[in-house]
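In order, the protein sequence lines correspond to chains A and B.
Per the numbering used here, the first sequence starts with residue 1, numbered consecutively.
Per the numbering used here, the second sequence starts with residue 1, numbered consecutively.
Just so you know, these hints were derived from the structure itself, not from any lab.
Just to be clear, a hint being listed does not mean it is correct.
[Said to hold, decoys possible] As a list, the in silico DMTMM-like pairs of lysine to aspartate or glutamate whose alpha-carbon atoms are at most 20 Å apart:
#1 K41(B) / D39(A)
#2 K41(B) / D88(B)
#3 K41(B) / D82(A)
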Amino acid sequence: RKEVEQDPGPFNVPEGATVAFNCTYSNSASQSFFWYRQDCRKEPKLLMSVYSSGNEDGRFTAQLNRASQYISLLIRDSKLSDSATYLCVVNVNNDMRFGAGTRLTVKP
Amino acid sequence: GAVVSQHPSWVICKSGTSVKIECRSLDFQATTMFWYRQFPKQSLMLMATSNEGSKATYEQGVEKDKFLINHASLTLSTLTVTSAHPEDSSFYICSASVVVAGGRADTQYFGPGTRLTVL
Numbered sequence: 001r002k003e004v005e006q007d008p009g010p011f012n013v014p015e016g017a018t019v020a021f022n023c024t025y026s027n028s029a030s031q032s033f034f035w036y037r038q039d040c041r042k043e044p045k046l047l048m049s050v051y052s053s054g055n056e057d058g059r060f061t062a063q064l065n066r067a068s069q070y071i072s073l074l075i076r077d078s079k080l081s082d083s084a085t086y087l088c089v090v091n092v093n094n095d096m097r098f099g100a101g102t103r104l105t106v107k108p
Numbered sequence: 001g002a003v004v005s006q007h008p009s010w011v012i013c014k015s016g017t018s019v020k021i022e023c024r025s026l027d028f029q030a031t032t033m034f035w036y037r038q039f040p041k042q043s044l045m046l047m048a049t050s051n052e053g054s055k056a057t058y059e060q061g062v063e064k065d066k067f068l069i070n071h072a073s074l075t076l077s078t079l080t081v082t083s084a085h086p087e088d089s090s091f092y093i094c095s096a097s098v099v100v101a102g103g104r105a106d107t108q109y110f111g112p113g114t115r116l117t118v119l
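Work out the full structure, taking the sequences as your base and the hints as a guide.
As C-alpha cells, this is what we get:
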C-alpha cells in the first residue's frame, strides 16, 4: 500500500462547481498535513496546511480525519484558474511524503 | 513569504558531462533541504534529504555517487548530476524547510525547478 494515496482523476468540472478530493495515508504517526497545487511544468506551491479542527481559506476547505487517516480538500465555486494538479502531503517524522496528485480541469 | 531559488532554471548538456544545480533559501535559514525529481505526468519523487553540515540521506534506488549533494550552509544546497545520461533528463526541484519547536519540520517551500535535458 502506498504511504499517501490520491485518486489521480482527472476531474473535469464546469465553472462554478464544487469539487472534493480525498487523500488517505497509511502511517498513523503522521504529524502534519498539507495540500499543494502544481501547475504544469511548475513547482508545487503550498495551498494550505490542514489542521485537526479543519480550516477554511476562501473557497477552499481542508479537513483531517485522523481516525480514518484521510484528509480532504473541498473547492467551492470553481474557477478556470483552479485547473491544476493537487498534491496531498503528509509529514512523518520530518519525512514529507507526497501523493501522486489529483488533476483538476475546470471548463467554461 | 519564504522564497527558494534554483539555478539554472534549465540546462541542456551532452551525455557524460556533469551538471550542478544550486538551491538557495533567500529569506530564511533552511535546516533541511530536499531534492526531488519529476518525470512528465508523474508525481514528485524524493531523491534525498540533506541537513546542513551533514551527509545527505538518499532514498532507496537513488545512487549517491551519481547524484552528489552538498549542503554547505543554511541557505545553499547543491545537487550535481555526474556523468549525465539521457535517462537523467527530468525536472529537478528542491525544497527547503525549517525545523520548528519540537523537532518537527515545518512547511516545505519549493524552488522553481531545473529542467535538465541530456542529449
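Verification of the hints:
| no. | hint | verdict |
| --- | --- | --- |
| 1 | K41(B) / D39(A) | holds, 11 Å |
| 2 | K41(B) / D88(B) | holds, 16 Å |
| 3 | K41(B) / D82(A) | holds, 18 Å |
No hint from the list above goes unmet by this structure.
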